[in-house]
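Engineer: Sequence:
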Amino acid sequence: MQPVTVTSAPMYNIVLKKGNFQNTFNIYDFGAKDKTAYKENAAAYKDSDYKVTGFRQVFGFALEIKKPGNGIKGVELPDPSQYFTFDINLSDYKVNGESANDTGFVPLLYYCGANNAGGAQVNGIPFTDSSASGKTPQPEKYCDNSGEYTITQEGSTLHVKVKNYSVDYKKFPQKDAYGNISYWDGKQVEMMKDGFFSSYQFQVVYPYKNANGDTLMSQFGVDQISANASVTVNNMHAVSETNTTSDQETIPLYNSDGTLYENTDNKASETFTKNNKGTRDHAIIYSNRDSANWNNGYTDGSGNKDDDIATVGAKDLAFTATYSQTNVGEADESSQVPLGIEQMVLFDRNAIELKKDMNVNLSNKEGYEAEYLYLHHKDGQGLTAESMRSAQLSDFNITDDSTDCDGVVVRYRGCYTNKESTNLNQMTRFFCNVKPNYDLSDHVYMITAVTNTWDARDLTDEEKAQILADTHKTSINNITRAEYSKWIKDHPEVNLFDHAHTQAAIDHRDYYTVPEYVNKKYNPDSTTHKFSRNSADALYLVPYTVSIQKKVAQKENDKIKTSYNVSKKERYVDYVVASQITFANNGNTR
Numbered sequence: 129m130q131p132v133t134v135t136s137a138p139m140y141n142i143v144l145k146k147g148n149f150q151n152t153f154n155i156y157d158f159g160a161k162d163k164t165a166y167k168e169n170a171a172a173y174k175d176s177d178y179k180v181t182g183f184r185q186v187f188g189f190a191l192e193i194k195k196p197g198n199g200i201k202g203v204e205l206p207d208p209s210q211y212f213t214f215d216i217n218l219s220d221y222k223v224n225g226e227s228a229n230d231t232g233f234v235p236l237l238y239y240c241g242a243n244n245a246g247g248a249q250v251n252g253i254p255f256t257d258s259s260a261s262g263k264t265p266q267p268e269k270y271c272d273n274s275g276e277y278t279i280t281q282e283g284s285t286l287h288v289k290v291k292n293y294s295v296d297y298k299k300f301p302q303k304d305a306y307g308n309i310s311y312w313d314g315k316q317v318e319m320m321k322d323g324f325f326s327s328y329q330f331q332v333v334y335p336y337k338n339a340n341g342d343t344l345m346s347q348f349g350v351d352q353i354s355a356n357a358s359v360t361v362n363n364m365h366a367v368s369e370t371n372t373t374s375d376q377e378t379i380p381l382y383n384s385d386g387t388l389y390e391n392t393d394n395k396a397s398e399t400f401t402k403n404n405k406g407t408r409d410h411a412i413i414y415s416n417r418d419s420a421n422w423n424n425g426y427t428d429g430s431g432n433k434d435d436d437i438a439t440v441g442a443k444d445l446a447f448t449a450t451y452s453q454t455n456v457g458e459a460d461e462s463s464q465v466p467l468g469i470e471q472m473v474l475f476d477r478n479a480i481e482l483k484k485d486m487n488v489n490l491s492n493k494e495g496y497e498a499e500y501l502y503l504h505h506k507d508g509q510g511l512t513a514e515s516m517r518s519a520q521l522s523d524f525n526i527t528d529d530s531t532d533c534d535g536v537v538v539r540y541r542g543c544y545t546n547k548e549s550t551n552l553n554q555m556t557r558f559f560c561n562v563k564p565n566y567d568l569s570d571h572v573y574m575i576t577a578v579t580n581t582w583d584a585r586d587l588t589d590e591e592k593a594q595i596l597a598d599t600h601k602t603s604i605n606n607i608t609r610a611e612y613s614k615w616i617k618d619h620p621e622v623n624l625f626d627h628a629h630t631q632a633a634i635d636h637r638d639y640y641t642v643p644e645y646v647n648k649k650y651n652p653d654s655t656t657h658k659f660s661r662n663s664a665d666a667l668y669l670v671p672y673t674v675s676i677q678k679k680v681a682q683k684e685n686d687k688i689k690t691s692y693n694v695s696k697k698e699r700y701v702d703y704v705v706a707s708q709i710t711f712a713n714n715g716n717t718r
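All the letters of the sequence shown, read from the start, carry residue numbers 129 to 718 under my numbering.
It should be emphasised that the hints constitute simulated quantities derived from the structure, not laboratory data.
There may be inaccurate statements among the hints.
[Unchecked claim] Simulated restraints on C-beta separations: (1) Y306 / Q594: 50 to 58 Å; (2) N565 / V488: 22 to 30 Å; (3) D296 / N371: 27 to 35 Å; (4) D385 / G283: 24 to 32 Å; (5) T407 / T285: 25 to 33 Å; (6) N224 / N292: 41 to 49 Å; (7) E497 / K222: 36 to 44 Å; (8) Q520 / F153: 33 to 41 Å; (9) T370 / N224: 44 to 52 Å; (10) F153 / M486: 37 to 45 Å.
[To be verified] Each computed DSS-like pair below joins lysine-lysine, with the alpha-carbon atoms no more than 30 Å apart: (11) K298 / K195; (12) K179 / K167; (13) K179 / K592; (14) K395 / K179; (15) K289 / K222; (16) K617 / K547; (17) K201 / K289; (18) K563 / K614; (19) K321 / K299; (20) K146 / K614; (21) K299 / K263; (22) K195 / K263; (23) K506 / K222; (24) K161 / K291; (25) K167 / K563; (26) K263 / K222; (27) K201 / K263; (28) K291 / K146; (29) K484 / K506; (30) K315 / K179; (31) K321 / K161; (32) K161 / K547; (33) K321 / K201; (34) K161 / K298; (35) K291 / K167; (36) K321 / K263; (37) K263 / K291; (38) K563 / K174; (39) K161 / K614; (40) K174 / K547.
Cβ atoms here follow ideal geometry from the backbone N, Cα and C, with glycine treated the same way.
Sequences are here, hints too, so could you generate the full structure?
Structural biologist: See the structure below:
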């Protein structure tokens with residue numbers, strides 16, 4: 129019988145996995161000195177100080193000895209002294225089905241390092257080594273020594289090479305990082321399904337802004353996006369201990385005909401979404417100046433309705449104007465962040481007068497400065513419900529004198545710089561009195577508001593050129609919110625409020641109905657005195673207030689009893705009802 133010669137062969141495989149890390153839309157500093165970020169990959173973003181606005185995703189890969197079927201017996205080990213190499217392709221980055229990679233939004237390698245336990249760990253592969261597996265090492269979940277990695281980016285391809293790793297069978301991990309996948313029992317090497325010897329992770333930033341400052345939305349002409357990113361591994365090259373070369377993975381990326389292999393483990397995908405359809409809104413309500421909550425209506429439960437009631441001569445009245453905007457300036461995106469906000473509030477000075485000796489409450493948000501001025505109608509007459517609906521800012525003289533004013537204008541100037549929030553809420557409360565005139569009773573008095581905003585798109589070409597020169601930038605799309613805030617404040621000669629507010633006007637006058645009061649007389653049966661809560665509020669004035677109080681009549685030791693004991697046969701309570709009417713015209717009570 130002739131002797132049987134048994135030969136071994138190299139059989140290697142690469143497993144690619146997407147991390148559970150929540151992809152985050154943010155600004156990523158490729159030039160930071162305290163990170164292992166790849167500054168050279170963001171060289172095109174020098175104008176933005178190597179900062180790239182985009183989405184970040186974490187991926188991980190692991191190298192293994194793998195044989196079709198069960199067991200790895202007969203598979204030749206790789207040579208740790210020679211480089212094990214492969215490529216990672218990042219080019220498949222599409223927005224609404226069209227390639228973003230081909231239009232200047234090339235995905236960028238941001239970080240690479242050990243697959244560590246924690247928020248950015250990648251499951252489905254082992255940890256990189258003992259130090260990466262957490263405070264309490266779990267030998268069954270990590271590679272003994274994953275080796276020394278070098279990753280470089282060329283275009284949208286990452287070239288990966290590693291050497292000096294360990295290939296000790298007995299130290300191969302038994303489970304993945306999460307502990308869900310079992311590779312072997314730690315005893316029978318010949319039954320090992322997956323012999324992992326090295327793992328690593330890398331993070332990629334998918335740009336939302338390219339180096340020119342153009343956004344995906346402006347590039348593709350949409351106001352919401354769904355971006356799909358697929359990462360693939362290919363072009364493996366390994367050398368065995370006997371110097372045998374292997375260029376074919378056990379589980380390949382493609383079939384021989386070039387189609388995607390159905391069961392490939394060389395592909396991972398992610399979807400990013402962004403919606404710029406934020407909301408803008410404002411509100412004007414009569415409010416209670418004694419309340420810590422500026423949004424509380426003057427009458428309980430009536431803050432957003434048309435049924436506030438006050439006595440003529442009331443001295444606890446205020447009105448609150450608000451402006452709110454959602455989806456503002458995420459990750460320093462500044463194109464839709466207001467640089468100027470103007471609110472015009474009008475009221476009937478025949479009934480309402482501002483409180484002169486009390487400060488205005490102003491909730492000025494980060495990055496803005498605010499001022500308020502007083503409006504005096506040029507015809508010298510008080511406003512009516514109809515004129516409050518149609519009056520323009522140009523119909524008024526604007527002064528700093530509140531005496532007999534017909535309204536106020538609040539002006540915010542700057543740019544919202546709180547990057548932790550995408551919700552902007554500005555609020556102002558003015559304190560006022562109802563005039564002590566009995567003839568005002570049984571009438572309804574309106575208050576209306578109009579809000580307009582201006583953003584970077586409303587700047588003139590000359591102003592855009594000036595801010596670029598002052599900030600030493602070449603693209604207006606790369607101006608940050610902090611730079612806008614500072615520049616607007618430093619240039620008071622730029623009067624935003626004289627610009628046409630074509631981009632973000634909120635003028636609700638076009639669609640709220642002026643109430644049909646006859647000589648302002650309140651009609652309790654009418655269904656026409658309904659306002660949009662955002663545009664107007666109404667106050668019904670009455671000549672007197674009534675209060676009724678029920679008190680316990682029984683006394684004990686000349687003190688009102690507050691409780692009674694049934695076991696002592698105290699079975700009934702006597703009450704007395706006290707009523708009081710306060711007339712508005714003279715303050716008399718009875």
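Engineer: Evaluate each hint against the coordinates.
Structural biologist: So, going through the hints one by one against the coordinates:
1. At roughly 55 Å, the beta-carbon separation of Y306 and Q594 lies within the given 50 to 58 Å, and the hint holds.
2. Between N565 and V488 the CB atoms are about 25 Å apart, so this pair conforms to the stated range of 22 to 30 Å.
3. Roughly 20 Å separates the CB atoms of D296 and N371, a value that falls outside the hinted 27 to 35 Å.
4. Here the CB-CB span from D385 to G283 is close to 26 Å, well matched to the stated 24 to 32 Å.
5. Taking 25 to 33 Å as the suggested C-beta distance range, the pair T407 and T285 does not conform, at roughly 42 Å.
6. With their beta carbons about 45 Å apart, N224 and N292 fall inside the hinted range of 41 to 49 Å.
7. For the pair E497 and K222, the supplied restraint of 36 to 44 Å holds, since their beta-carbon distance comes to about 43 Å.
8. The hint said 33 to 41 Å for the Cβ distance between Q520 and F153, and at roughly 40 Å that hint holds.
9. Between T370 and N224 the Cβ separation comes to about 51 Å, which falls inside the hinted range of 44 to 52 Å.
10. For F153 and M486, the Cβ-Cβ distance of about 43 Å falls inside the hinted range of 37 to 45 Å, so the restraint holds.
11. Taken as a hint, the K298 and K195 pair is honoured in the structure, with Cα atoms around 17 Å apart against an allowance of 30 Å.
12. The suggested pairing of K179 with K167 holds, with an alpha-carbon distance near 9 Å, which does not exceed 30 Å.
13. Restraint check: the Cα-Cα separation between K179 and K592 comes to about 21 Å, which is no more than 30 Å; the hinted pair holds.
14. Restraint check for K395 and K179: the C-alpha separation of about 28 Å stays at or below 30 Å, so the hint holds.
15. Our distance criterion of 30 Å between C-alpha atoms is met by K289 and K222, whose separation comes to about 28 Å.
16. This hinted pair checks out: K617 and K547 have alpha carbons roughly 19 Å apart, not beyond 30 Å.
17. Proposed proximity of K201 and K289 is supported: the alpha carbons are some 26 Å apart, at most 30 Å.
18. Under the criterion of a C-alpha separation no larger than 30 Å, the hint pairing K563 with K614 is inconsistent with the structure, at around 43 Å.
19. For the hint linking K321 to K299, the alpha-carbon distance of about 14 Å falls within 30 Å, and the restraint holds.
20. This hinted pair does not check out: K146 and K614 have alpha carbons roughly 41 Å apart, beyond 30 Å.
21. This hinted pair checks out: K299 and K263 have alpha carbons roughly 20 Å apart, not beyond 30 Å.
22. The straight-line distance between the Cα atoms of K195 and K263 is roughly 34 Å, outside the 30 Å bound, and the hint therefore fails.
23. In summary, the hint linking K506 to K222 is not supported, as the alpha carbons are separated by about 58 Å, beyond the 30 Å threshold.
24. In summary, the hint linking K161 to K291 is supported, as the alpha carbons are separated by about 27 Å, within the 30 Å threshold.
25. Taking the CA atoms of K167 and K563, the gap is near 67 Å; set against the 30 Å cutoff, the hint is violated.
26. As the CA atoms of K263 and K222 are separated by approximately 40 Å, the hinted pair breaks the 30 Å bound.
27. Taking the CA atoms of K201 and K263, the gap is near 34 Å; set against the 30 Å cutoff, the hint is violated.
28. Taking the CA atoms of K291 and K146, the gap is near 24 Å; set against the 30 Å cutoff, the hint holds.
29. Among the hinted pairs, K484 with K506 is consistent with the structure: their alpha-carbon atoms are about 22 Å apart, no more than 30 Å.
30. This hinted pair does not check out: K315 and K179 have alpha carbons roughly 50 Å apart, beyond 30 Å.
31. About 42 Å separates the Cα atoms of K321 and K161, which puts this hinted pair outside 30 Å; it is violated.
32. Distance restraint check for K161 and K547: the Cα-Cα separation of roughly 22 Å lies within the 30 Å cut-off, and the hinted pair is therefore satisfied.
33. For the given pair, K321 sits about 10 Å from K201 by alpha-carbon distance, which is consistent with the 30 Å threshold.
34. Distance check on the hinted pair: K161 and K298 sit about 40 Å apart at the alpha-carbon level, beyond 30 Å; violated.
35. A distance of roughly 24 Å separates the Cα atoms of K291 and K167; the hinted pair therefore holds under the 30 Å criterion.
36. Only pairs whose Cα atoms come within 30 Å are accepted, and K321 paired with K263 is accepted, the gap being roughly 28 Å.
37. Restraint check: the Cα-Cα separation between K263 and K291 comes to about 27 Å, which is no more than 30 Å; the hinted pair holds.
38. With a C-alpha separation of about 63 Å, the suggested pair K563 and K174 falls outside the 30 Å cut-off, and the hint is violated.
39. Between the alpha carbons of K161 and K614 the distance comes to roughly 26 Å, so the proposed pair stays at or under 30 Å and holds.
40. Taken as a hint, the K174 and K547 pair is honoured in the structure, with Cα atoms around 22 Å apart against an allowance of 30 Å.
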